[in-house]
Amino acid sequence: MWGSLSKHFGRYPSQGRVAKLLLEYGLKVSGGSVYCGEVELADTAVARAAGVDRRIVRSAIETIEASDELNQVFSRLRPTALLNDVAPIMGWSAIEIIPVDAQMPGILADVAGVIANAGISIRQAIVDDPELSEEPRLHVITESPVPPGLIPAIRTCRGVKSILIY
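Adding 21 to a residue's 1-based position in the sequence shown gives its number in this note's numbering.
Since the hints were made in silico from the structure, they are not lab data.
Do not take every clue at face value.
Stated by the list, open to error - If you anchor each label on the Cβ, the simulated ranges turn out as follows:
hint, residue 1, residue 2, range
1, 121, 144, 24 to 30 Å
2, 52, 170, 51 to 57 Å
3, 97, 172, 36 to 42 Å
4, 174, 65, 45 to 51 Å
Keep in mind it's a predicted model, so treat the numbers as computed, not measured.
In this text, a Cβ means the ideal position worked out from N, Cα and C, and glycines have one as well.
Make a model of the complete structure from these sequences and hints.
Below, the structure written as structure tokens:
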């Protein structure tokens, strides 16, 4: 995704940093502002997070809204709550899969199959976009703790390099 959108920011790498941050966090651009869901974010807050001046954020918003392709993407983004850190508090398991190659098809399907065959319900599964993340991961939150005996079966799934369980 980022590969096709980044061409709009070729001459403006600082605006590109802002746009990539918006994609990474699912921040929407609408009506000249940036939103996290329905919460409007100040340009200065976005600038701080992107490591740029607030005027660069304003320019990035203008660039996004001036392009049909960019506007169609950025006006539809939504943030997603990753439950990794709350899973242990809730009595769930959080499994983080480090892939051999994040673009290999079937990693999620194989891991989900092993978990389902053990009779464990998956509450959430999120895959990091390989174009947005330097080290993309598959995050699987299960409704109940994963028994230690299931770990070797998950480790042998297609494309799994290693796993972390929280």
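Hints, verified against the model:
no. : hint                  : result
1   : 121 / 144: 24 to 30 Å : 25 Å, holds
2   : 52 / 170: 51 to 57 Å  : 53 Å, holds
3   : 97 / 172: 36 to 42 Å  : 38 Å, holds
4   : 174 / 65: 45 to 51 Å  : 49 Å, holds
Violated hints for the displayed structure: none, as all numbered hints are satisfied.
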